[in-house]
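Student: The lines below spell out each chain.
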Amino acid sequence: MARKVPEINAGSMADISFLLLIFFLVTTTMDVDSGIVRRLPPPPDPTAETPDVKERNVFNVLVNKSDRLFVESRWGDISTLRAEAKEFLANPGNREDLPEKKLETIPFLGEYPVSKGIISLKNDRGTSYDMYIQVQNELTAAVNELRDELSRQKFGVKFSELSQEYTDAIQKAIPMSISEAEPEDIGGTK
Amino acid sequence: MARFKKEKSGDLPAISTASMPDIIFMLLFFFMVTTTMREVTLKVRNTMPEATEVQKLEKKALVSFIYIGPPYQSNLYGTESRIQLNDSFRTVADIAEFIYTEREARVEADRPLLTTSLKVDREVKMGVVTDVKQELRKVGAFKINYSTRKKAAKSQD
Numbered sequence: 001m002a003r004k005v006p007e008i009n010a011g012s013m014a015d016i017s018f019l020l021l022i023f024f025l026v027t028t029t030m031d032v033d034s035g036i037v038r039r040l041p042p043p044p045d046p047t048a049e050t051p052d053v054k055e056r057n058v059f060n061v062l063v064n065k066s067d068r069l070f071v072e073s074r075w076g077d078i079s080t081l082r083a084e085a086k087e088f089l090a091n092p093g094n095r096e097d098l099p100e101k102k103l104e105t106i107p108f109l110g111e112y113p114v115s116k117g118i119i120s121l122k123n124d125r126g127t128s129y130d131m132y133i134q135v136q137n138e139l140t141a142a143v144n145e146l147r148d149e150l151s152r153q154k155f156g157v158k159f160s161e162l163s164q165e166y167t168d169a170i171q172k173a174i175p176m177s178i179s180e181a182e183p184e185d186i187g188g189t190k
Numbered sequence: 001m002a003r004f005k006k007e008k009s010g011d012l013p014a015i016s017t018a019s020m021p022d023i024i025f026m027l028l029f030f031f032m033v034t035t036t037m038r039e040v041t042l043k044v045r046n047t048m049p050e051a052t053e054v055q056k057l058e059k060k061a062l063v064s065f066i067y068i069g070p071p072y073q074s075n076l077y078g079t080e081s082r083i084q085l086n087d088s089f090r091t092v093a094d095i096a097e098f099i100y101t102e103r104e105a106r107v108e109a110d111r112p113l114l115t116t117s118l119k120v121d122r123e124v125k126m127g128v129v130t131d132v133k134q135e136l137r138k139v140g141a142f143k144i145n146y147s148t149r150k151k152a153a154k155s156q157d
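One line per chain: the protein sequences are B and X, in this order. For the first sequence, my numbering puts the final residue at 190, and the numbers step up evenly by one. For the second sequence, my numbering puts the final residue at 157, and the numbers step up evenly by one.
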């Protein structure tokens with residue numbers, strides 16, 4: 001009685017979906033954007049005086065046009081930069097030539113000696129971007145490692161696993177103090 | 001005799017390809033979900049440097065990109081590093097306008113959260129990048145992100 005309905009030929013379906021697939025493969029990208037996050041300082045106010053920063057509180061990093069490092073008036077090397085920056089910022093032995101510390105009350109941490117150290121980074125116009133990023137990376141790594149250590153010591157977990165308020169506390173205790181010098185050929189007077 | 005003949009007769013049965021569309025559709029959906037649309041056609045080479053201390057860019061809709069690198073068609077545009085905004089080569093002077101249009105395109109509440117991502121080729125000299133950064137400071141686009149590829153962190157200690 002009931003006649004069989006003839007089956008619809010779905011042979012070309014595979015071709016159609018292949019076409020769509022290839023279209024998506026071509027027009028889309030898969031890369032996740034990631035990078036080193038920085039905040040640029042606002043333009044310098046010509047009337048404002050330059051803040052007085054003591055020599056011991058500044059860690060000078062210079063990169064010249066042939067990608068050589070000059071750290072604290074000595075030739076430096078990218079492989080030791082991280083350790084040097086860490087020692088400078090933490091100043092574990094309270095040395096006279098390393099930055100001063102200021103006791104501050106921070107929630108969850110209590111009184112904590114916050115380092116006044118600033119890393120000052122300066123580069124030539126001829127420095128390669130790759131080298132610049134390597135230096136930025138090492139300096140960021142130094143700060144991140146210090147934060148990690150403090151976090152493990154105080155809360156027993158990695159810095160990245162802390163909840164927001166603890167993260168804020170650690171960030172206050174170990175600020176990301178990397179400043180870039182004003183480029184010399186722009187804004188002339190400095 | 002007849003029985004033997006019956007078994008030997010005829011070609012091999014065709015392999016059923018009925019599930020093929022399903023499989024390909026699955027692939028298609030996978031790609032649709034995991035990828036994002038390409039926004040601009042790159043005109044400059046963009047091999048990014050590697051770094052370990054990277055952070056993911058949180059909200060893609062709030063990011064504007066500036067591409068800097070040597071042009072692909074070096075016979076037409078030379079080998080000097082160029083700045084690419086949207087789909088064309090621009091100069092440092094155009095960056096302010098670019099940032100303003102990017103800001104205009106966003107909702108008022110989102111404007112302070114705008115991030116500028118610098119996609120710079122690893123061989124570019126810092127001079128260009130410094131100029132771009134100065135320009136960004138002038139127009140108040142302070143949040144920047146040096147785009148890098150993630151390198152596996154080498155084990156310390």
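Since the hints were derived computationally from the structure, they do not count as laboratory data. Take these hints with a grain of salt, some might be off.
Unchecked claim - Taking lysine-lysine and the DSBU-like style, the derived pairs with C-alpha atoms no more than 35 Å apart in a straight line are:
(1) X:Lys119 to B:Lys65
(2) X:Lys43 to B:Lys158
(3) X:Lys56 to B:Lys116
(4) B:Lys154 to X:Lys125
(5) X:Lys125 to X:Lys143
(6) B:Lys172 to X:Lys59
(7) X:Lys43 to X:Lys59
(8) B:Lys102 to B:Lys86
(9) X:Lys138 to B:Lys172
(10) B:Lys172 to X:Lys60
As the list claims (entries may be wrong) - Computed footprint of chain X on chain B; a stretch qualifies when at least three of its residues, placed anywhere within it, have a C-beta under 8 Å from a C-beta of chain X:
(11) 72-81
(12) 88-102
Beta carbons: idealized from backbone N, C-alpha and C, even for Gly.
Student: Could you work out which of the previously given hints the structure breaks and list their numbers from low to high?
Tutor: 2, 4, 11 and 12
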